[in-house]
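Protein chains in written order, with my numbering: chain L, 1 to 354; chain W, 1 to 354; chain S, 1 to 354; chain Y, 1 to 354.
The hints are simulated quantities; they were obtained by calculation from the structure and are not laboratory data.
Glycine is no exception: its CB is placed at the ideal position from the N, C-alpha and C atoms.
Some clues are possibly wrong.
As the list claims (entries may be wrong) - Here are the simulated BS3-like pairs of lysine-lysine, each with C-alpha atoms no more than 25 Å apart in a straight line: (1) K213(W) x K353(Y); (2) K66(S) x K353(L); (3) K271(L) x K303(W); (4) K161(L) x K161(W); (5) K113(L) x K8(W); (6) K353(L) x K146(S); (7) K353(W) x K113(L); (8) K8(S) x K350(L); (9) K309(L) x K271(W); (10) K146(Y) x K353(W); (11) K271(Y) x K319(S); (12) K213(Y) x K353(W); (13) K75(L) x K353(S); (14) K350(S) x K350(L).
Unchecked claim - Interface residues of chain Y toward chain S, partial, derived using beta-carbon atoms under 8 Å: (15) K8; (16) A107; (17) K114; (18) R125; (19) T203; (20) P222; (21) D262; (22) G268; (23) T269; (24) S352.
Protein chains: 4
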Amino acid sequence: MAGNSFGKLFTLTTYGESHGTALGGVIDGCPAGIDVDIEAIQQELDRRRPGQSSIVTQRKEPDTVKFHSGIFEGKTTGTSIGFVIENTNQKSHDYSHIRDSYRPSHADYTYDKKYGIRDYRGGGRSSARETACRVVAGALAKQMLKGIEISAYVSGVGTMKLNKPHTALDLTQIESNIVRCPDQAMAKDMEAYIKEVRSKGDTVGGIVSCVIKNVPIGLGEPVFDKLHAELGKAMLSINAVKGFEYGSGFEGSTMYGSDHNDAFNNDGTTKTNFSGGIQGGISNGMDIYFNVAFKPVATLIQKYETIDKEGNTVEMQGKGRHDPCVVPRAVPIVEAMAALVLADYFLLNKLSKL
Amino acid sequence: MAGNSFGKLFTLTTYGESHGTALGGVIDGCPAGIDVDIEAIQQELDRRRPGQSSIVTQRKEPDTVKFHSGIFEGKTTGTSIGFVIENTNQKSHDYSHIRDSYRPSHADYTYDKKYGIRDYRGGGRSSARETACRVVAGALAKQMLKGIEISAYVSGVGTMKLNKPHTALDLTQIESNIVRCPDQAMAKDMEAYIKEVRSKGDTVGGIVSCVIKNVPIGLGEPVFDKLHAELGKAMLSINAVKGFEYGSGFEGSTMYGSDHNDAFNNDGTTKTNFSGGIQGGISNGMDIYFNVAFKPVATLIQKYETIDKEGNTVEMQGKGRHDPCVVPRAVPIVEAMAALVLADYFLLNKLSKL
Amino acid sequence: MAGNSFGKLFTLTTYGESHGTALGGVIDGCPAGIDVDIEAIQQELDRRRPGQSSIVTQRKEPDTVKFHSGIFEGKTTGTSIGFVIENTNQKSHDYSHIRDSYRPSHADYTYDKKYGIRDYRGGGRSSARETACRVVAGALAKQMLKGIEISAYVSGVGTMKLNKPHTALDLTQIESNIVRCPDQAMAKDMEAYIKEVRSKGDTVGGIVSCVIKNVPIGLGEPVFDKLHAELGKAMLSINAVKGFEYGSGFEGSTMYGSDHNDAFNNDGTTKTNFSGGIQGGISNGMDIYFNVAFKPVATLIQKYETIDKEGNTVEMQGKGRHDPCVVPRAVPIVEAMAALVLADYFLLNKLSKL
Amino acid sequence: MAGNSFGKLFTLTTYGESHGTALGGVIDGCPAGIDVDIEAIQQELDRRRPGQSSIVTQRKEPDTVKFHSGIFEGKTTGTSIGFVIENTNQKSHDYSHIRDSYRPSHADYTYDKKYGIRDYRGGGRSSARETACRVVAGALAKQMLKGIEISAYVSGVGTMKLNKPHTALDLTQIESNIVRCPDQAMAKDMEAYIKEVRSKGDTVGGIVSCVIKNVPIGLGEPVFDKLHAELGKAMLSINAVKGFEYGSGFEGSTMYGSDHNDAFNNDGTTKTNFSGGIQGGISNGMDIYFNVAFKPVATLIQKYETIDKEGNTVEMQGKGRHDPCVVPRAVPIVEAMAALVLADYFLLNKLSKL
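Chain L extracted, bound-state conformation (with noise of 0.2 Å):
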């Protein structure tokens, strides 16, 4: 209710604040008998750490994920699953900066407003820190997905874009550089691009865009529960994101009902699929994509004025270890979540008929 858990059947509640003891959560209504590879979730854990490259946060912190319960013998057993990754990163900085201060475009202000108090240690709650539980629980339900291919990867930086539709797109290449671009030489232009950012204490926006293969026919509730607006929901909840489309998107409110309309072949797949994979908020089997559009970091490295809880003004200097760019770390966020919006439908799935 308060905003802390996801999903309705296989369910996620989260905790913790960036510079508190640990973060941690609890998977609840995983099924029994699941095999389990702890390794592959660190793995997906590693793929979000800071200081994983030379273009992210060089902040240290290396995340290692310990599960208390729920797994046995290798299995699931179908009880919850508890687990915690400790903040080792804790130093005693000194925070008296934004104590009571209000960084522009970050959630300073509406926390301190909202509950009258704040954690405001490295942005408490609100920092994308606590998006490492996701990509536990997401990397989870990709082990109960078997068969099930999510493939995110950074498709925009700044104005700098990938215009190739995903099948135009060798998808096992999206690991092969730190951008997590599937196209070599776009990819090494975006690295440029954010390192020049960088390098002038700025940050920029960029695009994630994601692929689903092998979806089963499905998966998806009528009405408010549609699909696409659950996936919608959980990629605008990921940090710093401003839009979603799927399918043909935006771009497909200016076609004709004649050029968009999805012809079916005889075995039920479609010939063009400008509908994404969900038709009536339900999987059709075919391809899931969409995109996911994320602002710049508003941490930038540079003097600025903003005002302090009195509403006086007052001078900040943004420093530390910032990400000039979120989208390469990212794509494993933008995967998980996919996964448990997934395997959520999929278990609401089994009950669509005795």
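Chains W, S and Y: place on chain L using the hints.
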């Protein structure tokens, strides 16, 4: 759970098929003591009604709502509010042409695969007719949210785009034309365009934009239930929606942080509003604004080939009284969903402090 | 959230005041393809109906249910099922005597204090009339649970107790008398007793027992959602219920473990059944059985003193057509709630393994 | 959904097996700004702790709780509160005797049938050890509910019953003896009785009663979520509970309405309190009181025959450090569950009016 409910605290549960006896729903969690203006609710329904103008479907359906409970002596009582909209336009149609065939880019195929059975009359539960119930509940939510102004309008029809920020528009003009575009010149062009498209038996997509003014600070929950995430889900759950963006949206992904950050004024308002009135998932009191992309309606008044249940190619002929472009009628639906989200988060926010 | 919904997956949401236009509800989450026997549903309603015999309230209310959606060609479609029961017995009563006064041991006082407003006509939402909607949904749940036999019966009226285990009773005799007690001699005594109580304008409490046979093994969830915990909640939510016990119940608290443990037979059944068919919150395939205690109806056909809204002492006079003892009419309600719980847990159990 | 969460607004989600690495949980929905006394929480845990006295299990387990998040500078922040209790007593037991066999009246058989797998070490998830997490959350709930007094006590051990209404007891004496019975003479007898039962390797059931004073008027929701229904579910969800009754309870079912009705005083209080502080499911400000029946612990320190997974008869020998009677340690668990229900309904009630 099965997709027919929306909202956590201010909850709408709906039922009803396009050509069944009636649509209806239950609104639960509306606080006691709200003055209810039933006529105003009916007026919202009338804005969504078929046959209201020359550019929408000419189906005749009065869409009269009757309340059964939860309102007493003009006020809500705090108990559940049941309502019914009878389907008066159920002719004894011949549905044989769609009973065993799947119309392209409709939900026929996916519902059949998911449930093994489908009410094929006029799209059944997948028909946008269900949105009438959303408009009823949204209109009540608006009455609870006295002072908050929610204004949706058409900002795009096909490639025709109203490239103006909402701050440059006169929102009082929205209802002054049948397109529901506040720019009168543009509205005229859009109307002509829609008529032309219809004359070819074709359809076209469009964009609905929405602005919400006077939002209290503090609406929105951390992590998974950010205010814009729920708004996004709400909009994406509307039939034919393919994309959602708020604040700077997809354009924001191309910007630098130094341009995108919204500097504070001393009173806590911001000089710019790329954040779209939401920071860290929580409203900051500035205008909330967002865009919703609608695909072209799938039903064309044309001949086409498709498949039947056995996978045989069959010829079909779209006929009847369909919308050439949904966006004029989608305007009140977008507003209703926005109102439902705000009502829910308004109540949730009462729980943030004791 | 606001108390008008029951069930997690097989969900009933209801509305309706005692003397409003209509009662109704929405059943969501019923799987597709269930054969629906609407006549059988009406028959269950008839078992709950006022005026059905000489020992219940003589109010005339046909309680005819109409389904609006979710059932097509005799089967459930998997979409939400809306239904309505019109209130045909709304006379233009004079309610002035209860409008401003609080009847003792009713909900008048608490509703007024909680909501600041109350539909005072006939108890409004707090009237047991709402249980009609439960019976509708429970009857549908029974049809989904083909093979599971749920039999409730009256085992106590006032101090008159049927001190026999359910295994010593002929449950086919329950409907053979108007008390709904399977022991014919006892039923006769109870009937006489109820009539005597009524003749004094008084009321008396009673006990409904329930046995559920052929329950699949595995229904129930760990920790908070144990099967008997949900059964308990379901029963305690019925108007006038003061207690619930299952299996050995309160008597079990006086026993030694060496007497109470249920030894296994080699086929997994148990030699005794003090567990009441549930171990660790999960059904073990043995008969589930429980008792539900009902207090005496609060409305007496007598003169009494009470207070008005201002706290002044006022005299009131109970009148009208009230039940002298609720248990005969409570039997189908207990069965309905048991069916709703089982339907829900039956679906939940489909998720325990992949 | 899968049974490891409790509460709608003040929500506890727990995890952990008896002999796993750790137990833990997440409390979500606790409002911001509550002063947290962590020592007082630990004290509640100590009341539940094994080894605390000579009449409970002599297992050594310090049960120290560590909070990971959601509390900052001594106050709740409104974000989710994660906590962990490490299992320090995990010896490398030999579990071969229960791995393949089913202990009578335990959850071994049902878990295995439901999930196809089971953490057999010490009962796994079905162990009452999980209630430690409930006590943590309940203790925090108590701190939120300042002013409301929740007092549980032992009122029955086997056939030994404290036949006094709570109004005739000195509740300050509850903690003055190891049985937690406020009547010192009775406590002494109960203690001797429990020791005698233990000396035979047997166990015995008992009753915990609970009184809640200073409850605000208005807690409880209509229809399905009546306050006592949720209290009943909460209590029935505790391991070994077989029954629940509130106010007049089962005894009330034998009474006449003319004796049972609670006449009003002019200030809205009532002269009697057969209603148990709840009318129409909503608190009326009078004392809430209820009884909870616990069965005898199933683990006997005796030899007995049972079956293995293949249905073969096997001989087992109960051993170890088990409670001869759970009620003394159940007292803080009953209080914790009551506090969780009240916290939830306290928040819900903030939504009844705007």
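Each hint tested on the structure:
1. K213(W) x K353(Y): holds (24 Å)
2. K66(S) x K353(L): holds (24 Å)
3. K271(L) x K303(W): This hinted pair holds, its Cα atoms lying about 18 Å apart.
4. K161(L) x K161(W): The given pair, whose Cα atoms are some 22 Å apart, holds under the 25 Å limit.
5. K113(L) x K8(W): This hinted pair holds, its Cα atoms lying about 22 Å apart.
6. K353(L) x K146(S): Answer holds: K353(L) to K146(S) is near 15 Å, not above 25 Å.
7. K353(W) x K113(L): holds (11 Å)
8. K8(S) x K350(L): holds (15 Å)
9. K309(L) x K271(W): holds (17 Å)
10. K146(Y) x K353(W): holds (15 Å)
11. K271(Y) x K319(S): With Cα atoms ~23 Å apart, K271(Y) and K319(S) stay inside 25 Å; holds.
12. K213(Y) x K353(W): holds (24 Å)
13. K75(L) x K353(S): holds (12 Å)
14. K350(S) x K350(L): Holds, because 7 Å separates the two Cα atoms, which is no more than 25 Å.
15. K8: At about 6 Å, which falls below the 8 Å cut-off, the nearest Cβ of chain S leaves the hint on K8(Y) intact, so it holds.
16. A107: The hint holds - A107(Y) has a Cβ within 8 Å of chain S, the shortest such distance being about 2 Å.
17. K114: Check passed: Cβ of K114(Y) comes within 4 Å of chain S, closer than 8 Å.
18. R125: Holds - the Cβ of R125(Y) comes within 8 Å of chain S, reaching about 5 Å at its closest.
19. T203: holds (4 Å)
20. P222: holds (5 Å)
21. D262: With a closest approach of 5 Å, the D262(Y) hint holds.
22. G268: holds (6 Å)
23. T269: violated (10 Å)
24. S352: Where the cut-off is 8 Å and the nearest Cβ of chain S is about 5 Å from S352(Y), the hint holds.
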